[in-house]
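*Asks:* Sequence:
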Amino acid sequence: MIEAIRLLQQEEQFLDSDGLEFTSQIRDEYKDIISEFLEEIFYLARIRELENKVSASKKMDIETIKQVVAQLKKLNPKPYTLQFDGDNSREVNPVELINELEESLSGIDGNESKLSTMDIMFRLEMVCDRVFTELMGCFKGEEETFELVFNRVREKLNQLSNNDMLLLWSMLKSQFGEDRIRGGFIEYDEVLPQGFLETNGIEKIKDCYSWFIVKYKPLTILKMIENGIYGSPAGLPGVARVLSMNSDKGIPRVSSLEVSTIRLVSRLVALYEKLTWTKKENLAKSISVDEDSLIFGGHYYDEFKKDLDNKVSDPKKILLPIMERLLKYAEELNVSFTDVSQALWQYKLGQEVIAPLQLKEVKSKKETDLQKELSKFLVERNILSFGRTFGRSEIDLYTKHQLGEDYVIEVKVYKTGNPSVSKIQDNIVQLQSYMDQVDQPKGILLIYNCTDNLIVAPRHWFNGRLWVLALNIGQVPPSGRKRTIELVPSGDIEKPIVFSETGRVSKKKATKKTGNKKTKKKTTKKKVTKKKVTKKKR
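So the sequence shown is numbered by the numbering used here: it starts at -14 and just counts up by one.
In case anyone wonders, no lab produced these hints; they're calculated from the structure.
Each hint should be verified, as a subset may be incorrect.
Simulated restraints on C-beta separations [unchecked claim]:
1) N403 <-> Q56: 51 to 57 Å
2) D421 <-> K313: 25 to 31 Å
3) N84 <-> G126: 23 to 29 Å
4) E346 <-> I303: 33 to 39 Å
5) Q144 <-> S405: 43 to 49 Å
Straight line, CA to CA, 27 Å or less: simulated DSS-like cross-link-like pairs of lysine-lysine [said to hold, decoys possible]:
6) K158 <-> K467
7) K350 <-> K408
8) K265 <-> K296
9) K397 <-> K301
10) K290 <-> K259
11) K291 <-> K264
12) K397 <-> K333
13) K259 <-> K333
14) K400 <-> K351
15) K345 <-> K313
16) K361 <-> K333
17) K348 <-> K408
18) K125 <-> K259
19) K397 <-> K408
20) K189 <-> K208
21) K290 <-> K270
22) K467 <-> K408
23) K63 <-> K125
24) K400 <-> K361
25) K408 <-> K351
26) K361 <-> K350
27) K16 <-> K270
28) K345 <-> K400
29) K265 <-> K291
30) K290 <-> K265
31) K313 <-> K302
32) K264 <-> K301
33) K301 <-> K259
34) K259 <-> K270
Note that CB positions come from ideal geometry on N, CA and C, so glycine has one too.
Construct the complete structure from the given sequences, taking the supplied hints into account.
*Replies:* Listed below in structure tokens is the structure:
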């Protein structure tokens, strides 16, 4: 359909060169192609689900945040000074912080429908969460104040599902470590309670997450600044974002890709009207979509329509780039949206969060037992999965997605030793041999990695067909692991995966065995030499 638009535009150029006008026939062709393209995009990217998700993210409980800000204001927080390199310093004024919070909240309250999703997210996460973190630093040593805010945050977290809470906890844990690109939080013994990051159990995890964003995050940042470390991670939902949760919505995590997709669909609707001289309501009916939806009547549509009406943008020039980008985004969302990959990603996060408890249990089980557990996990989420036999081959797990895609899942357990690149490659070859027996499936290699080595694989389908999902549940925490095997997309169809190793393989056991063998050989040699000498004397 994109190629059809390209050819249609070439035809227009010929007409223009001949002095002919833009005809109703060409308008009708634009109408047919764009409506058919949009119908395909709605199916491919599940636009209806995405629209509901984006709309839900705009519904906020601003009143609760206002109440907490008012309570903190009554406590008359004291200013403090941040000391940087040399004589550089900055005074943190709580009055200014509270004014900034009140101004941001008043800009959101009652205006959610008029603001874009990105605008709301920016105000809450990049402004309000940041300001709350600095403000809580004013109450250092005042445990009653921390407990007051903790209780409000903890109450909100009860609204989250276990899977959503595990996801948040996993995000929190991933923000620790100095090897992060932007720098991570540092685990100071004098700030965090002992074993804080190894907490298990949903209720305890909710407690720890609440305490972290209310108390330990501000204190950790202050300690880092004292030690000359000025960068800290962003993106973790903080006090304002959690308090803003609606009772029935939780925290809808809306990615920039999802927002960009909605924005582009809205722009395409506006272009349809401009190029075809047809009302958007006709387009909505032709693809069976509600004409009052976010896409057909929201912020993104209104803003872009103004640009077109004011001739800021040329509709013919930007039509193809928008369609090409939209198709690319929709294909990316189609991969990330599948129930199977989403469920397995949640399974991975859950297993890694409770890793210390799971390690002994996983090591004691056979691969077939773990396959059954994984199958049960998928079935509980309405994803049909079962073992399947083809001739002499037996597939660990075979699932069929509701959109018609088939998945072959190969389960492997690395219990001891040092996993090698060749071992992972062999497992991939085995998976591919099973995939060849099914018509156009996708293959997933799921590795229970119980060793102290780290296997890092992206959330990416290599060549669009193969995904390696490593569950790192070893005893040693990520910061203590000395060796990493990383899988990186190569962009080469023949060899889609590049393997990268850092650190060294542990050789303690191997050295000991080699030493015994050498000692044994030397002893034998001495005995032979002695016999020869004796024989010579005779």
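*Asks:* Straight-line Cα separation of K350 and K408 no greater than 27 Å?
*Replies:* holds (20 Å)
*Asks:* Quick one, are K400 and K361 close enough, alpha carbons at most 27 Å?
*Replies:* Judged against 27 Å, a Cα distance of about 22 Å means the pair holds.
*Asks:* So if I understand the rule, the pair passes when the alpha-carbon distance is 27 Å or less; does K397 with K408 pass?
*Replies:* holds (11 Å)
*Asks:* Between K290 and K259, is the straight-line Cα distance small enough, at 27 Å or below?
*Replies:* holds (9 Å)
*Asks:* With the threshold set at 27 Å, check whether the alpha-carbon distance from K290 to K270 stays at or below it.
*Replies:* Given pair K290, K270 holds - Cα atoms ~20 Å apart, limit 27 Å.
*Asks:* Has the given pair, K313 with K302, been kept, meaning a C-alpha gap of at most 27 Å?
*Replies:* holds (19 Å)
*Asks:* Is the Cα-Cα distance between K467 and K408 27 Å or less?
*Replies:* holds (19 Å)
*Asks:* Given the hint that K397 pairs with K301, does the C-alpha gap stay at or below 27 Å?
*Replies:* violated (53 Å)
*Asks:* So the hint says 25 to 31 Å: do the beta-carbon atoms of D421 and K313 match that?
*Replies:* holds (28 Å)
*Asks:* Go ahead and decide if the range 23 to 29 Å is satisfied by the Cβ distance of N84 to G126.
*Replies:* Between N84 and G126, where Cβ atoms are some 24 Å apart, the hint holds.
*Asks:* Check whether the Cα positions of K291 and K264 lie no farther apart than 27 Å.
*Replies:* holds (15 Å)
*Asks:* Please test the hint of 33 to 39 Å on the beta carbon pair from E346 and I303.
*Replies:* Since E346 and I303 have Cβ atoms about 56 Å apart, the given range 33 to 39 Å is violated.
Hint compliance for this structure: hints 4, 9, 13, 15 and 18 are not met, and every other hint is.
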